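There are 2 protein chains.
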Amino acid sequence: MILCLLLIILRRFMDKRFNTLKIGILGGGQLGRMLLQKAVDFSLKIRILDPDPEAPCQHLAEEFIVGDFSDYNTVYKFGKECDLLTIEIEHVNVEALEKLEKEGVLVYPQPNVIRIVQDKGEQKLFFKKHGIPTADFSITKDKNEISQIPEMLPAMQKLRKGGYDGKGVFRISSTADIENSFDAPSVIEKLIPFEKEISVIVARKINGETLCFPPVEMDFNTEANLVEFLYSPAELDKKTETKAYEIASRLANTLSIVGILAVEMFLTPEKELLVNEIAPRPHNSGHHTIEANMTSQYEQLLRAILDLPLGKTDVTCNAVMINLLGEKNYEGRAVYQSFEEAMKMEGVYIHLYGKKNTRPYRKMGHVTVTGKNKEDAKRKALTIKNILKVTAE
Amino acid sequence: MILCLLLIILRRFMDKRFNTLKIGILGGGQLGRMLLQKAVDFSLKIRILDPDPEAPCQHLAEEFIVGDFSDYNTVYKFGKECDLLTIEIEHVNVEALEKLEKEGVLVYPQPNVIRIVQDKGEQKLFFKKHGIPTADFSITKDKNEISQIPEMLPAMQKLRKGGYDGKGVFRISSTADIENSFDAPSVIEKLIPFEKEISVIVARKINGETLCFPPVEMDFNTEANLVEFLYSPAELDKKTETKAYEIASRLANTLSIVGILAVEMFLTPEKELLVNEIAPRPHNSGHHTIEANMTSQYEQLLRAILDLPLGKTDVTCNAVMINLLGEKNYEGRAVYQSFEEAMKMEGVYIHLYGKKNTRPYRKMGHVTVTGKNKEDAKRKALTIKNILKVTAE
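The listed protein sequences derive, respectively, from chains A and B. Counting in the numbering used here, the first sequence tops out at residue 462, every number present. Counting in the numbering used here, the second sequence tops out at residue 462, every number present.
For the record, the hints were derived by calculation from the structure and aren't laboratory data. Predicted model only: the values in this text are computed from it and were never measured. One or more hints might be untrue.
[To be verified] Below, a list of computed lysine to aspartate or glutamate pairs in the DMTMM-like style, where the Cα atoms sit at most 25 Å apart:
#1 B/Lys107 x A/Asp383
#2 B/Lys236 x B/Glu266
#3 B/Lys107 x A/Glu409
#4 A/Lys91 x B/Glu123
#5 B/Lys114 x A/Glu123
#6 B/Lys413 x A/Glu360
#7 B/Lys91 x A/Asp383
#8 A/Lys274 x B/Glu150
#9 B/Lys107 x B/Glu172
#10 B/Lys449 x A/Glu123
#11 B/Lys307 x B/Glu248
Bound conformation, chain A alone (with noise of 0.2 Å):
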């Protein structure tokens, strides 16, 4: 009773002050660029923190303090000074985060939806307790527990912790590759055929309305372990895509997240659903929304934080997402070749990180390319993928 009363209060606060919130972003790389882009269209006042002072985020905030967002002290004194902390990484320190919402500052997501995806095992053990669908799975400590778990080979070797882009992650085919795997705590997933990997974002708010993203499918780079191609919408039938809704609305509400989640699941030749990894932030996933849905993730996150209506998420074009890497090769001062080209194209929205330095296989911009059909927007991704490259000086 009194909670509702509080929500109201809130409520009517935040209709008319949403934008005199000190709004605080712990990491300030591409997904906080994305967002801060949109968030000048409500004209927020926020605050970054990261590490690097050349983040792609510098330059485009109120405030860009240099800081380590997996620190204590240094989230803690962030903080204090914000109304509303968000995230675009999850590698944040949680225990500030948890000293700060008893506090009263909101989090969002909450601190202890954050605490279980920092943690892959803990993702896994949260979706076998709560029925989640999920590849079979073996936690160890070491390399020499994974000797003794034979029958999940062939696996992939995920790090339970600070794995990021691609990285932490080694497939063990056989018995054999175990002496080069992580000697560290990990998951063992079991390797499952897939027919592909799809992806849902879905948006929560505090009074427990979800709304989903169209399903995406996703291609990934098998060297770089990202995805290099993604395609929107995916191509489902339409009790696959029903599934895939009632799983992301599902995980969301179980872990009661305000915000966003990103959730990626394999589509298994028996058309099961299987869920990958989740996300509580903006995701690679999600950049295509910004030019071929209705609403892009990062204003849906807006919303959901600021318990504003949340956004129509209607497809409104055929779009293919290309990660722009840096080329193998290559590490230095960042170069774009051929963008002039690339340009020229109909329907080419190119998104740089504003990245100095580039280094194999870092992400160092997005394209989305839109077409006519699946297949025009296809072609043209392809030729974007053949000439846009990044260099050194």
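Keeping the supplied structure of chain A fixed, place chain B upon it in accordance with the hints.
Only chain B this time, still in chain A's reference frame:
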């Protein structure tokens, strides 16, 4: 020949290095703000000069310099630190820009274009000289001279210099109104009956290539003398549309402008198009291009001045744009009424300009409403207009 060679070298240089150029923008208002928002995608280094330390561009540029863009020394000093200069307001010091241009700084639009546009008398004389259709006019020094041309009445008086956002304009219906008119150098323009007012934004590159945005239709609030509703695309017969493109392109070519030029035109009952005013910068009549055209006017300006290929300008959906003006009787810290209600509506894109204080008719933001068709968009825009209000605390 040498010029050609230089152009080729410059283009090669800019292909790889356009994002290392130091770009300066004179003016830090909402037009600059939306330009910066887009410039993020191209990772451009941008400096802003504006006299208001709380201007809309504050916190969004690599450097924000507080200074008077109409002052010779301030502009010269600012420009000397730049490789390329552009404007988001035309009331800037042209002498400094001319000197900078001579000293090798790229100034787009060129100072001679800005000089013509700054003075509404020069604008009209330019139209006349080059056979650009425009309403009859006289140029007057003071009130007294207006009395000597009763045959021009009813007329609009426009101050030759300094008018902006609906200011500096006065309607002289009969000789009785002359005593209340501005006693300053003016253009006295014969009032012409017109069916509608339209606008075409044209981009032009250094190689002479031009590309127009589809025409839009404007509905004025006569009290504030500001656009109240803007419809995209305009409903015009093919012949008139072609004529509008022809006039806009001819103007751009005659001026040899590099950048974008907004061309406002009256459509008379005889289907004649008469140029009202031009602006060599992003324009209020192009805000909707962010959501409703393949390329926005802001991106097109960047493409034009960076000598990148111009983007397709096709309309992607029907749109209505509404300026969000400060309510008549409110002054002080801005409060947005029914913001949440407006955000509940589908296809409603709100852009706030980050101005702390409101005053009557101040441009505080704009809203672009997209719809299945024109009627749908119009209906929603009317609702927005009736509920979304900017008042003060």
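Structure-based check of each hint:
1. Annotation: proposed proximity of B/Lys107 to A/Asp383 holds, straight-line Cα distance about 23 Å (limit 25 Å).
2. Distance restraint check for B/Lys236 and B/Glu266: the Cα-Cα separation of roughly 19 Å lies within the 25 Å cut-off, and the hinted pair is therefore satisfied.
3. For a cut-off of 25 Å, the pair hint linking B/Lys107 to A/Glu409 stands: about 17 Å separates their Cα positions.
4. Between the alpha carbons of A/Lys91 and B/Glu123 the distance comes to roughly 17 Å, so the proposed pair stays at or under 25 Å and holds.
5. For the suggested pair B/Lys114 and A/Glu123, the alpha carbons sit about 13 Å apart, so the restraint of at most 25 Å is met.
6. A hinted pair counts as satisfied when its Cα atoms are at most 25 Å apart, and B/Lys413 with A/Glu360 qualifies at roughly 20 Å.
7. For the given pair, B/Lys91 sits about 39 Å from A/Asp383 by alpha-carbon distance, which is inconsistent with the 25 Å threshold.
8. With a CA separation close to 47 Å, the supplied pair A/Lys274 and B/Glu150 exceeds the 25 Å bound.
9. The suggested pairing of B/Lys107 with B/Glu172 is violated, with an alpha-carbon distance near 29 Å, which exceeds 25 Å.
10. Restraint check for B/Lys449 and A/Glu123: not satisfied, since their Cα atoms lie roughly 43 Å apart, outside the 25 Å limit.
11. Proposed proximity of B/Lys307 and B/Glu248 is contradicted: the alpha carbons are some 44 Å apart, above 25 Å.
In this structure, the hints that do not hold are numbers 7, 8, 9, 10, 11, in rising order.
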